[in-house]
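Visitor: Sequence:
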Amino acid sequence: MTDRPGSATGLPSRVLVTGAAGFIGSHLCDRLLADGCRVVGLDNFDSFYPEATKRANLAAALQNSRMRLIEGDIRDGVLLEGLFTDVPLDAVIHLAARPGVRPSLDAPEPCIQVNVDGTLQLLEAMRRHHVGRLVFGSSSSVYGNSSTAPYSEDQIADRPISPYAASKRAGELLVHSYHHLYGLAAVCLRFFTVFGPRQRPDLAIHKFSKLMKAGQALPIYGDGESGRDYTYVDDAVEAIVRSLRLTGANDVTPCYEVLNVGRSEPVTLNELLDHLATALNQKPQLDRLPDQPGDVAFTSASTERIERVLGFRPRVGLDEGLERFATWLDSVAAND
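Numbering (the numbering used here), first residue to last: 1430 to 1765.
Note that these hints are calculated values from the structure, not bench results. As the structure is a computational prediction, the values presented were derived from the model and not from experiment. There's no promise every hint is true.
[To be verified] Cut-off 27 Å, straight-line C-alpha distance, at most; resulting in silico cross-link-like pairs (DSS-like, lysine-lysine):
(1) Lys1712 / Lys1636
(2) Lys1642 / Lys1712
(3) Lys1639 / Lys1712
[What the hints assert, rightly or not] Okay, the calculated beta carbon distance ranges per label pair:
(4) Gln1542 / Arg1484: 22 to 28 Å
(5) Pro1719 / Arg1588: 21 to 27 Å
(6) Asp1720 / Ala1489: 24 to 30 Å
(7) Asp1505 / Asp1587: 28 to 34 Å
(8) His1609 / Pro1648: 25 to 31 Å
(9) Asp1724 / Ser1760: 38 to 44 Å
(10) Arg1484 / Arg1744: 41 to 47 Å
(11) Lys1712 / Ser1494: 45 to 51 Å
(12) Asp1464 / Pro1630: 24 to 30 Å
(13) Arg1497 / Leu1602: 39 to 45 Å
(14) Ala1485 / Asp1703: 29 to 35 Å
(15) Pro1648 / Asp1759: 21 to 27 Å
(16) Asp1583 / Pro1648: 16 to 22 Å
Glycine included, C-beta positions come from ideal geometry on N, C-alpha and C.
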(Lines of atoms letter the chains of each structure in order from A and count residues from 1; the text may use other names and numbers.)
(Lines give C-alpha, C1' and ligand atoms only; values in the text may rest on other atoms or scores of the structure.)
Protein backbone atom coordinates (compact mmCIF):
# COMPACT_ATOMS: atom_id res chain seq x y z
CA MET A 1 0.00 0.00 0.00
CA THR A 2 1.28 3.44 -0.94
CA ASP A 3 -0.38 6.19 1.07
CA ARG A 4 0.11 9.90 0.55
CA PRO A 5 2.98 11.27 2.64
CA GLY A 6 1.68 12.71 5.90
CA SER A 7 -1.87 11.53 5.19
CA ALA A 8 -4.03 10.85 8.21
CA THR A 9 -6.91 9.53 6.12
CA GLY A 10 -5.69 5.96 5.62
CA LEU A 11 -6.60 6.25 1.95
CA PRO A 12 -4.36 5.09 -0.89
CA SER A 13 -2.66 7.53 -3.23
CA ARG A 14 -4.15 6.42 -6.54
CA VAL A 15 -7.52 4.71 -6.86
CA LEU A 16 -9.24 3.23 -9.90
CA VAL A 17 -13.01 3.76 -9.87
CA THR A 18 -14.92 1.69 -12.42
CA GLY A 19 -18.31 3.07 -13.41
CA ALA A 20 -16.92 6.49 -12.54
CA ALA A 21 -19.49 8.48 -14.52
CA GLY A 22 -22.47 6.76 -12.93
CA PHE A 23 -24.67 7.88 -10.06
CA ILE A 24 -22.66 6.56 -7.10
CA GLY A 25 -19.35 6.53 -8.98
CA SER A 26 -19.37 10.24 -9.78
CA HIS A 27 -20.19 11.20 -6.18
CA LEU A 28 -17.38 8.91 -5.05
CA CYS A 29 -14.88 10.56 -7.40
CA ASP A 30 -15.80 13.96 -5.97
CA ARG A 31 -15.28 12.65 -2.44
CA LEU A 32 -11.94 10.93 -3.14
CA LEU A 33 -10.61 14.07 -4.83
CA ALA A 34 -11.73 16.17 -1.87
CA ASP A 35 -9.82 13.75 0.38
CA GLY A 36 -6.64 14.26 -1.65
CA CYS A 37 -6.52 11.04 -3.67
CA ARG A 38 -5.55 10.73 -7.29
CA VAL A 39 -8.45 9.13 -9.14
CA VAL A 40 -8.48 7.17 -12.38
CA GLY A 41 -12.04 6.82 -13.60
CA LEU A 42 -13.04 4.09 -16.04
CA ASP A 43 -16.40 4.23 -17.82
CA ASN A 44 -17.71 2.97 -21.15
CA PHE A 45 -20.63 5.47 -21.28
CA ASP A 46 -23.06 2.67 -22.03
CA SER A 47 -26.31 3.73 -23.68
CA PHE A 48 -28.45 2.42 -20.79
CA TYR A 49 -29.15 6.11 -20.15
CA PRO A 50 -27.96 9.27 -21.95
CA GLU A 51 -24.22 9.78 -22.27
CA ALA A 52 -24.67 13.52 -21.77
CA THR A 53 -26.10 12.86 -18.30
CA LYS A 54 -23.08 10.79 -17.32
CA ARG A 55 -20.63 13.36 -18.66
CA ALA A 56 -22.41 16.04 -16.65
CA ASN A 57 -21.99 13.85 -13.55
CA LEU A 58 -18.20 14.04 -13.94
CA ALA A 59 -17.92 17.65 -15.09
CA ALA A 60 -16.73 19.01 -11.73
CA ALA A 61 -14.34 16.13 -11.06
CA LEU A 62 -12.66 16.55 -14.44
CA GLN A 63 -11.72 20.11 -13.53
CA ASN A 64 -9.37 18.64 -10.93
CA SER A 65 -5.81 17.88 -12.06
CA ARG A 66 -5.80 14.71 -9.93
CA MET A 67 -8.68 13.20 -11.95
CA ARG A 68 -8.05 11.16 -15.08
CA LEU A 69 -10.83 9.61 -17.17
CA ILE A 70 -10.34 6.54 -19.34
CA GLU A 71 -13.16 5.52 -21.66
CA GLY A 72 -13.46 1.78 -22.05
CA ASP A 73 -15.16 -1.45 -21.03
CA ILE A 74 -14.20 -3.68 -18.10
CA ARG A 75 -14.68 -6.68 -20.38
CA ASP A 76 -11.77 -5.47 -22.51
CA GLY A 77 -8.78 -7.36 -21.14
CA VAL A 78 -6.34 -5.60 -23.48
CA LEU A 79 -7.53 -2.18 -22.29
CA LEU A 80 -7.25 -3.24 -18.65
CA GLU A 81 -3.77 -4.62 -19.18
CA GLY A 82 -2.67 -1.33 -20.69
CA LEU A 83 -4.30 0.70 -17.93
CA PHE A 84 -2.70 -1.31 -15.12
CA THR A 85 0.66 -1.26 -16.90
CA ASP A 86 0.65 2.51 -17.49
CA VAL A 87 -0.83 3.69 -14.19
CA PRO A 88 0.54 2.66 -10.77
CA LEU A 89 -2.63 1.81 -8.85
CA ASP A 90 -2.97 1.18 -5.13
CA ALA A 91 -6.63 0.14 -4.95
CA VAL A 92 -9.77 -0.44 -7.00
CA ILE A 93 -13.39 0.48 -6.29
CA HIS A 94 -15.49 -1.59 -8.67
CA LEU A 95 -18.90 -0.02 -9.34
CA ALA A 96 -19.22 -0.65 -13.09
CA ALA A 97 -22.18 -2.89 -13.85
CA ARG A 98 -25.03 -3.54 -16.21
CA PRO A 99 -27.70 -2.29 -13.81
CA GLY A 100 -31.30 -3.12 -13.09
CA VAL A 101 -33.44 -6.06 -12.05
CA ARG A 102 -36.10 -5.49 -14.70
CA PRO A 103 -33.66 -4.81 -17.58
CA SER A 104 -31.88 -8.06 -16.72
CA LEU A 105 -35.08 -9.99 -17.46
CA ASP A 106 -35.20 -8.58 -20.99
CA ALA A 107 -31.45 -8.77 -21.64
CA PRO A 108 -29.79 -11.32 -19.34
CA GLU A 109 -26.73 -11.92 -21.53
CA PRO A 110 -25.16 -8.44 -21.31
CA CYS A 111 -25.97 -8.40 -17.60
CA ILE A 112 -23.96 -11.57 -17.01
CA GLN A 113 -21.21 -10.59 -19.45
CA VAL A 114 -20.57 -7.22 -17.80
CA ASN A 115 -21.24 -8.09 -14.17
CA VAL A 116 -19.54 -11.50 -14.06
CA ASP A 117 -17.09 -11.69 -16.97
CA GLY A 118 -16.12 -8.04 -16.56
CA THR A 119 -15.49 -8.52 -12.84
CA LEU A 120 -13.30 -11.52 -13.62
CA GLN A 121 -11.26 -9.51 -16.14
CA LEU A 122 -10.73 -6.81 -13.52
CA LEU A 123 -9.69 -9.29 -10.83
CA GLU A 124 -7.21 -10.90 -13.21
CA ALA A 125 -5.66 -7.52 -14.02
CA MET A 126 -5.37 -6.79 -10.30
CA ARG A 127 -3.72 -10.16 -9.71
CA ARG A 128 -1.21 -9.74 -12.51
CA HIS A 129 -0.24 -6.26 -11.37
CA HIS A 130 -0.27 -6.96 -7.61
CA VAL A 131 -3.02 -4.48 -6.74
CA GLY A 132 -4.25 -5.90 -3.47
CA ARG A 133 -7.14 -3.68 -2.30
CA LEU A 134 -10.72 -3.83 -3.62
CA VAL A 135 -14.15 -2.48 -2.72
CA PHE A 136 -16.87 -4.21 -4.75
CA GLY A 137 -20.33 -2.72 -5.26
CA SER A 138 -22.93 -5.44 -4.71
CA SER A 139 -26.67 -5.24 -4.14
CA SER A 140 -29.40 -6.07 -1.64
CA SER A 141 -31.06 -8.01 -4.47
CA VAL A 142 -28.77 -10.97 -3.66
CA TYR A 143 -31.06 -11.80 -0.71
CA GLY A 144 -33.98 -12.64 -3.01
CA ASN A 145 -37.38 -12.85 -1.34
CA SER A 146 -35.96 -13.63 2.07
CA SER A 147 -38.54 -14.20 4.78
CA THR A 148 -36.15 -13.03 7.50
CA ALA A 149 -35.91 -9.29 8.06
CA PRO A 150 -33.84 -7.32 8.59
CA TYR A 151 -31.47 -9.07 6.20
CA SER A 152 -28.23 -10.15 7.84
CA GLU A 153 -24.96 -10.80 6.02
CA ASP A 154 -24.90 -14.23 7.70
CA GLN A 155 -28.01 -15.32 5.80
CA ILE A 156 -27.39 -17.74 2.94
CA ALA A 157 -27.95 -15.75 -0.25
CA ASP A 158 -28.43 -18.58 -2.71
CA ARG A 159 -31.94 -17.91 -4.06
CA PRO A 160 -31.66 -14.87 -6.40
CA ILE A 161 -34.83 -14.16 -8.37
CA SER A 162 -33.37 -12.20 -11.30
CA PRO A 163 -30.29 -12.47 -13.52
CA TYR A 164 -29.07 -9.16 -12.07
CA ALA A 165 -29.23 -10.51 -8.52
CA ALA A 166 -27.48 -13.71 -9.60
CA SER A 167 -24.74 -11.70 -11.32
CA LYS A 168 -24.05 -9.66 -8.19
CA ARG A 169 -23.87 -12.75 -5.98
CA ALA A 170 -21.52 -14.33 -8.52
CA GLY A 171 -19.34 -11.22 -8.33
CA GLU A 172 -19.11 -11.54 -4.55
CA LEU A 173 -18.06 -15.18 -4.85
CA LEU A 174 -15.40 -14.36 -7.43
CA VAL A 175 -14.01 -11.68 -5.15
CA HIS A 176 -13.87 -14.15 -2.28
CA SER A 177 -12.00 -16.70 -4.40
CA TYR A 178 -9.31 -14.09 -5.21
CA HIS A 179 -9.12 -13.17 -1.54
CA HIS A 180 -8.57 -16.84 -0.66
CA LEU A 181 -6.12 -17.63 -3.46
CA TYR A 182 -4.12 -14.43 -3.75
CA GLY A 183 -4.56 -12.52 -0.49
CA LEU A 184 -6.79 -9.81 -1.96
CA ALA A 185 -8.07 -7.45 0.75
CA ALA A 186 -11.70 -6.92 -0.19
CA VAL A 187 -15.00 -5.50 1.03
CA CYS A 188 -18.26 -6.29 -0.80
CA LEU A 189 -20.95 -3.71 -0.09
CA ARG A 190 -24.60 -4.69 -0.53
CA PHE A 191 -26.30 -1.38 -1.30
CA PHE A 192 -29.95 -0.94 -0.37
CA THR A 193 -31.80 1.35 -2.84
CA VAL A 194 -29.47 4.33 -3.08
CA PHE A 195 -31.05 7.68 -4.01
CA GLY A 196 -30.12 11.34 -4.26
CA PRO A 197 -28.83 13.85 -6.83
CA ARG A 198 -27.68 12.25 -10.12
CA GLN A 199 -29.76 9.13 -9.49
CA ARG A 200 -30.28 7.07 -12.63
CA PRO A 201 -33.39 8.28 -14.49
CA ASP A 202 -34.90 4.79 -14.61
CA LEU A 203 -35.00 4.40 -10.82
CA ALA A 204 -38.26 4.96 -8.97
CA ILE A 205 -37.64 8.23 -7.13
CA HIS A 206 -36.20 9.97 -10.18
CA LYS A 207 -38.76 8.56 -12.61
CA PHE A 208 -41.71 9.27 -10.33
CA SER A 209 -40.52 12.82 -9.64
CA LYS A 210 -40.35 13.70 -13.33
CA LEU A 211 -43.76 12.18 -14.01
CA MET A 212 -45.32 14.01 -11.07
CA LYS A 213 -43.87 17.33 -12.19
CA ALA A 214 -45.25 16.69 -15.69
CA GLY A 215 -48.70 15.82 -14.33
CA GLN A 216 -48.48 12.28 -15.67
CA ALA A 217 -49.58 9.03 -14.01
CA LEU A 218 -47.05 6.90 -12.16
CA PRO A 219 -46.83 3.18 -13.06
CA ILE A 220 -47.25 1.40 -9.72
CA TYR A 221 -46.70 -2.35 -9.78
CA GLY A 222 -48.75 -4.26 -7.21
CA ASP A 223 -50.68 -2.80 -4.28
CA GLY A 224 -47.93 -0.40 -3.17
CA GLU A 225 -47.17 -2.36 -0.01
CA SER A 226 -43.80 -3.58 -1.22
CA GLY A 227 -41.06 -2.11 0.95
CA ARG A 228 -37.57 -0.73 0.38
CA ASP A 229 -34.76 0.39 2.66
CA TYR A 230 -33.61 3.71 1.16
CA THR A 231 -30.00 4.92 1.45
CA TYR A 232 -28.88 8.45 0.63
CA VAL A 233 -25.95 8.64 -1.77
CA ASP A 234 -23.63 10.54 0.60
CA ASP A 235 -24.04 7.74 3.13
CA ALA A 236 -23.27 5.14 0.46
CA VAL A 237 -20.09 7.03 -0.45
CA GLU A 238 -19.06 7.26 3.21
CA ALA A 239 -19.42 3.49 3.51
CA ILE A 240 -17.21 3.01 0.45
CA VAL A 241 -14.49 5.31 1.77
CA ARG A 242 -14.48 3.59 5.16
CA SER A 243 -14.30 0.21 3.41
CA LEU A 244 -11.34 1.42 1.35
CA ARG A 245 -9.54 2.36 4.54
CA LEU A 246 -10.27 -1.08 5.97
CA THR A 247 -8.62 -2.84 3.02
CA GLY A 248 -5.32 -1.16 3.94
CA ALA A 249 -5.58 -1.63 7.69
CA ASN A 250 -3.73 -4.97 7.94
CA ASP A 251 -1.10 -6.06 5.44
CA VAL A 252 -0.46 -9.31 7.33
CA THR A 253 -4.05 -10.59 7.34
CA PRO A 254 -5.97 -9.09 4.41
CA CYS A 255 -9.66 -8.59 5.16
CA TYR A 256 -12.69 -10.03 3.42
CA GLU A 257 -16.01 -8.53 4.46
CA VAL A 258 -19.55 -8.51 3.12
CA LEU A 259 -21.49 -5.57 4.54
CA ASN A 260 -25.00 -4.17 4.15
CA VAL A 261 -25.31 -0.46 3.40
CA GLY A 262 -28.78 0.69 4.44
CA ARG A 263 -30.75 2.35 7.22
CA SER A 264 -32.83 -0.59 8.53
CA GLU A 265 -35.89 1.65 8.10
CA PRO A 266 -37.96 0.12 5.28
CA VAL A 267 -40.66 2.27 3.69
CA THR A 268 -43.56 0.97 1.60
CA LEU A 269 -44.07 2.30 -1.90
CA ASN A 270 -47.31 3.96 -0.79
CA GLU A 271 -45.43 5.70 2.04
CA LEU A 272 -42.65 6.76 -0.33
CA LEU A 273 -45.20 8.41 -2.60
CA ASP A 274 -46.53 10.42 0.36
CA HIS A 275 -43.01 11.58 1.27
CA LEU A 276 -42.24 12.40 -2.36
CA ALA A 277 -45.46 14.37 -2.77
CA THR A 278 -44.43 16.51 0.21
CA ALA A 279 -40.90 17.08 -1.08
CA LEU A 280 -42.12 18.06 -4.57
CA ASN A 281 -45.36 19.73 -3.49
CA GLN A 282 -47.10 17.63 -6.12
CA LYS A 283 -50.00 15.20 -5.84
CA PRO A 284 -49.32 11.92 -7.70
CA GLN A 285 -51.68 10.26 -10.12
CA LEU A 286 -51.38 6.47 -10.00
CA ASP A 287 -51.64 3.81 -12.70
CA ARG A 288 -51.97 0.50 -10.85
CA LEU A 289 -50.36 -2.45 -12.65
CA PRO A 290 -49.72 -6.15 -11.83
CA ASP A 291 -46.69 -7.19 -9.83
CA GLN A 292 -43.46 -7.17 -11.83
CA PRO A 293 -41.54 -10.48 -12.15
CA GLY A 294 -38.07 -10.38 -10.59
CA ASP A 295 -38.84 -7.62 -8.08
CA VAL A 296 -38.34 -8.55 -4.44
CA ALA A 297 -41.27 -7.77 -2.18
CA PHE A 298 -39.31 -6.23 0.66
CA THR A 299 -35.81 -5.14 1.66
CA SER A 300 -34.48 -4.24 5.08
CA ALA A 301 -30.81 -4.07 6.02
CA SER A 302 -29.38 -5.28 9.27
CA THR A 303 -26.79 -2.60 10.04
CA GLU A 304 -25.19 -4.22 13.08
CA ARG A 305 -22.20 -5.63 11.20
CA ILE A 306 -21.26 -2.48 9.26
CA GLU A 307 -21.53 -0.44 12.46
CA ARG A 308 -19.25 -2.87 14.27
CA VAL A 309 -16.70 -3.30 11.45
CA LEU A 310 -16.59 0.25 10.05
CA GLY A 311 -18.16 2.35 12.78
CA PHE A 312 -20.64 3.43 10.12
CA ARG A 313 -24.11 4.83 10.70
CA PRO A 314 -26.16 6.53 7.97
CA ARG A 315 -26.76 10.21 8.65
CA VAL A 316 -29.31 11.38 6.07
CA GLY A 317 -32.94 10.34 6.52
CA LEU A 318 -35.51 9.86 3.79
CA ASP A 319 -37.21 13.25 4.07
CA GLU A 320 -33.97 15.22 4.13
CA GLY A 321 -32.64 13.17 1.22
CA LEU A 322 -35.79 13.73 -0.84
CA GLU A 323 -35.61 17.47 -0.18
CA ARG A 324 -32.00 17.53 -1.42
CA PHE A 325 -33.00 15.48 -4.46
CA ALA A 326 -35.90 17.83 -5.26
CA THR A 327 -33.57 20.83 -5.04
CA TRP A 328 -31.11 19.16 -7.41
CA LEU A 329 -33.88 18.23 -9.85
CA ASP A 330 -35.06 21.84 -9.95
CA SER A 331 -31.51 23.03 -10.61
CA VAL A 332 -31.12 20.59 -13.51
CA ALA A 333 -34.44 21.70 -15.01
CA ALA A 334 -33.41 25.36 -14.68
CA ASN A 335 -30.19 24.70 -16.62
CA ASP A 336 -31.80 22.69 -19.44
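Visitor: Starting from the range 38 to 44 Å, see whether the pair Asp1724 and Ser1760 falls in it by beta-carbon distance.
Guide: Because 31 Å falls outside the window, the suggested range is violated.
Visitor: Tell me if the beta carbons of His1609 and Pro1648 are separated by a distance inside 25 to 31 Å.
Guide: violated (44 Å)
Visitor: Taking the Cβ atom of Arg1497 and the Cβ atom of Leu1602, is their distance within the range 39 to 45 Å?
Guide: violated (31 Å)
Visitor: Kindly confirm whether 41 to 47 Å is satisfied by the beta carbon distance between Arg1484 and Arg1744.
Guide: At 29 Å between Cβs, range violated.
Visitor: Check the hint pairing Lys1642 with Lys1712 against an upper bound of 27 Å on the C-alpha distance.
Guide: holds (9 Å)
Visitor: Tell me if the beta carbons of Asp1464 and Pro1630 are separated by a distance inside 24 to 30 Å.
Guide: holds (29 Å)
Visitor: Starting from the hint 22 to 28 Å, judge whether the C-beta atoms of Gln1542 and Arg1484 obey it.
Guide: holds (24 Å)
Visitor: If you check the beta carbons of Asp1720 and Ala1489, does the distance land in 24 to 30 Å?
Guide: At 40 Å between Cβs, range violated.
Visitor: Quick one: are Lys1712 and Ser1494 within 45 to 51 Å, going by C-beta?
Guide: holds (47 Å)
Visitor: Given a hint of 29 to 35 Å, does the C-beta separation of Ala1485 and Asp1703 actually sit inside it?
Guide: The hinted range 29 to 35 Å holds for Ala1485 and Asp1703, with Cβ atoms some 30 Å apart.
Visitor: Range hint 21 to 27 Å: satisfied by the CB atoms of Pro1648 and Asp1759?
Guide: holds (23 Å)
Visitor: Do the beta carbons of Pro1719 and Arg1588 sit within 21 to 27 Å of each other?
Guide: At roughly 22 Å between Cβ atoms, Arg1588 and Pro1719 fall inside 21 to 27 Å, so the hint holds.
Hint compliance for this structure: hints 6, 8, 9, 10, 13, 16 are not met, and every other hint is.
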